[in-house]
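A.B. asks: Sequence:
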Amino acid sequence: MAALKSFEKPLTPEEEIEYLTKFKIENDKSAKDTLIERNMRLVAYIAKKYNNSTEDQDDLISIGTIGLIKAIETYNIDKGTRLATYASRCIENEILMNIRSNKKNKSQVSLQDPIGTDKEGNEISLLDILGTDVNYVLDEVELKVQVGKLYEQLNKILTPREREIVQLRYGLTPYGYKTQREIAQRLDISRSYVSRIEKKALKKLEKELVQEN
20 MAALKSFEKP LTPEEEIEYL TKFKIENDKS AKDTLIERNM RLVAYIAKKY NNSTEDQDDL
80 ISIGTIGLIK AIETYNIDKG TRLATYASRC IENEILMNIR SNKKNKSQVS LQDPIGTDKE
140 GNEISLLDIL GTDVNYVLDE VELKVQVGKL YEQLNKILTP REREIVQLRY GLTPYGYKTQ
200 REIAQRLDIS RSYVSRIEKK ALKKLEKELV QEN
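Residue numbers for the sequence shown, in the working numbering: 20 to 232.
The set of hints was computed from the structure by calculation and includes no laboratory data.
Each statement offered as a hint is correct.
FRET-style restraints, in silico, Cβ to Cβ: (1) Gln-76 - Asn-174: 27 to 35 Å; (2) Tyr-69 - Ser-211: 42 to 50 Å; (3) Glu-92 - Lys-226: 44 to 52 Å; (4) Gln-204 - Asp-75: 41 to 49 Å; (5) Glu-225 - Asn-112: 35 to 43 Å; (6) Pro-29 - Asp-97: 15 to 23 Å; (7) Asp-97 - Glu-34: 12 to 20 Å; (8) Ile-118 - Gln-204: 38 to 46 Å; (9) Ile-118 - Ser-211: 43 to 51 Å; (10) Asn-46 - Lys-226: 57 to 65 Å; (11) Arg-180 - Arg-119: 27 to 35 Å; (12) Lys-28 - Glu-111: 18 to 26 Å.
Cut-off 30 Å, straight-line C-alpha distance, at most; resulting in silico cross-link-like pairs (BS3-like, lysine-lysine): (13) Lys-68 - Lys-98; (14) Lys-51 - Lys-68; (15) Lys-89 - Lys-41; (16) Lys-219 - Lys-175.
The model shown is predicted, which means the values in this text are computed figures rather than measured ones.
Heads up, the beta-carbon is just placed ideally off N, CA and C, and yes, glycines get one too.
Based on the provided sequences and hints, a complete structural model is requested.
C.D. replies: Given below as structure tokens:
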């Protein structure tokens, strides 16, 4: 992991104006290199805020450096703001775009991929959750979705009670798969009421899926 102390000291305001002028007016490439090198502490500082177990610090610094270079190239010297102020937004945006892109790629799965198990230990997929009627619709569209898309629809379409029952019923919570009777006991309602809510919720999801595709 790169430490802040391993990077060169930031430019003074006077030095910054000098090198920006050389690069922007005289197209001095060495001035651009200096602007990059002397702003690497800023990149490392911002990258550190987003460092976690899934994102390597050095990778984040590399991505942030791309944002820094874009900032230097698009910076308007006539605006009067410090380069660091403008560059900070560019660096952060570059890192955030990369993180979102990685999450999107990781969440893309087949509807037939297992996402949990039922009470008997059998694997269940998104297709199992949505039912055979929806399977017919999906035969005519691409059999790929994002898991995140499903949760987005659950949150957008269903009421809190419907969402809770669907998530418990099909193992979409840390509590695993629950029978209608177990859900009824947990929520202190009748099993038949659980069944009605579940069917209504799945109909909503089916309708939305048909409209989108």
